[in-house]
Amino acid sequence: MTVIFGFFLLTLLLITAVAIVQSQNLFVSVMLSGMFSLLLAVNFFLLDAADVALTEAAVGAGISTVLLLSALAITAKHEKAPSSSRVGALIIVIIATLVLIYATLGNPQFADPNAPVHQHVAPWYLDKTAEAIDIPNVVTAVLGSFRGYDTLGEVFVVFTAGIGVLFLLGTQPGPFAQSNPFKLTDPKGLRHYLIPRVVGRMLIPFILLFGLYVQFHGEYGPGGGFQAGALIAAAIILFALLEGENSALKVIPRSVLIGLIAGGALLYGVVGLFGIFLGSNFLDYSVLSSNPVKGQQMGLLIIEAGVGITVTGVLLSIFHAFAARGKF
Amino acid sequence: MELLGLYYYWVFAILLMIGLYAVIVKLNLIKKLIGLSLFQAAVFLLYITMGKLEGGTAPIVTDANANGLFSNPLPQVLILTAIVVGISTMALGLGIVIRIKEEYGTIEEDEIQEIDK
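Chains H and A, in that order, are what the protein sequence lines are. Quick note on our numbering: the first sequence kicks off at 3 and runs consecutively. Quick note on our numbering: the second sequence kicks off at -7 and runs consecutively.
If we strip away everything but chain H, and leave its shape as in the complex, we get (with noise of 0.2 Å):
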C-alpha cells in the first residue's frame, strides 16, 4: 500500500514540476513550487526521513514561498513570452535523461539492504549512538555530535547567506517599491481579512510552541535547530502578514536580529573552543561534562541552540530585506 502511495505521489512530483516550468504566470509557478515542497516532504516521510520531512515543509513549503512572492512584487508577476526556438534544449535534455535512465538500470533495487550504502558506515553509528551520546535520534547525534564539523561549517553557510543578503539589500525602500502589486507589506498587514486575521492569530502561538517543542525535543524525536529555526521563523513571518511588517519589527528588532545571526554561529564555535579549553578536541563535547555521555547530550542541547538562533535571524533578516525593499 505504501509503495503504491509513493508511486502516486513521485508521479504528482514529476506533474507539478512540468506545471511550475511551464507557466507563464510567475504567480502560479510560486504557488506550485509550494505545493511541489509539501508532496516532496511527504515523499521524503514515506521514505523514513521524519527529520528532512519536517524541515522540507517548514522551509520549502513555508519561508521559501512567501520569500518568492516578496521578490515577485518588487520585479515582475509575469514572464516574457519565449522568442527564441527552444528545440535545441530539449533534445539536449532528453538526451540527457534517456542516459540517466540508462545508468540507472545498473543501481540496486529499490531499498534493496545489499546495496553498497547500507554496508559502510552507516551501521557503525546507529550502534554507536546508544553507547557514545545515549540519545534516540541518530540523526541529531550525526549532525551534531559525531560530524559537528559539517554542520558547523553549514551554519556559517547560512550566516554568510544572510550577511549577504543584508549588504545586497539594507534596510531602504529600492525605486521600485510602488509598484508593489501584492501590497505584502501593506502597513495595515491583513488586518482588514477577517478569516486570515482570526485563524492566523490563532495558528501563530501554536506554530512557535511547535517551533520550540522541536528544537529542545530534537534529540528523542525528530527535529532540531534548522527545523526548529525554520518553524518559528514562520510563525513570524505569518505575524508579519497579518499584522504589518513594522509590528513585526517592535516583536524583534533588526538589531536583534542581527545579534541572533551572530550570537548563534558564536554560541555554536565558543561550545567548540570549550572543548580545546578542557583538554580535548574542538567540538569534542565529553569533556563538557564529568560524565562523557552527559558532557555529549548538554553539548549537542546548547549547538542545536546556536543553529536554531542562527537559522531563525537569518531568516527573518532576509524576510524584512525584501519585505523592506518593496515598502511603499
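If you're looking for bench data, these hints aren't it; they were derived computationally from the structure. One or more of the hints may lead you astray.
Calculated lysine-lysine pairs in the PhoX-like style (CA-CA distance at most 25 Å, straight line) [stated by the list, open to error]:
#1 A/K109 with H/K252
#2 H/K130 with H/K296
#3 H/K82 with A/K24
#4 A/K109 with H/K82
#5 A/K109 with A/K24
Computed footprint of chain A on chain H, listed as stretches where at least three residues anywhere in the stretch have a Cβ under 8 Å from a Cβ of chain A [stated by the list, open to error]:
#6 90 to 103
#7 298 to 308
Using N, Cα and C, we set each Cβ at its ideal position, and we do this for glycine too.
Keeping the supplied structure of chain H fixed, place chain A upon it in accordance with the hints.
Leaving out everything else, chain A in the frame of chain H:
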C-alpha cells in the same frame, strides 16, 4: 517489479532534467532560480531514496525498537542541512535579482544583454 524498483531513480532523472531545462531555456531570472531549486530537490530525493532500507523505520532508536531495522541516517543528515543552505542561497540569488531589476528595470536575460551592449 524489477523495473518498479528503479522508479524513484527515474523520477530523480526526469526532475533533474526538468530543472536543467528551466535553467537553460527560461529567460526570466526568477524562473531560472525556481528551476535551480527543482534541480536541487531532485538531488535531495536521490539521496533520501538511497538511504531507504526494506522494512526499516526512521533512525530513531528507542527501547521498543532497538533490535529493528533502520534506514540509513547519513544521507538524511546531509540533506537536512542542504535544504536550509539551499533556501539561504536562493534568498541570496533573489537578492541579486532584485538589485538587477532596480538597475536594469527588467529581469529578462535577453533584455539585460541588450542594455549591456
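Status of the hints after comparison with the structure:
{"no.": "1", "hint": "A/K109 with H/K252", "in the structure": "violated (46 Å)"}
{"no.": "2", "hint": "H/K130 with H/K296", "in the structure": "holds (15 Å)"}
{"no.": "3", "hint": "H/K82 with A/K24", "in the structure": "holds (13 Å)"}
{"no.": "4", "hint": "A/K109 with H/K82", "in the structure": "holds (20 Å)"}
{"no.": "5", "hint": "A/K109 with A/K24", "in the structure": "holds (22 Å)"}
{"no.": "6", "hint": "90 to 103", "in the structure": "holds (count 9)"}
{"no.": "7", "hint": "298 to 308", "in the structure": "violated (count 0)"}
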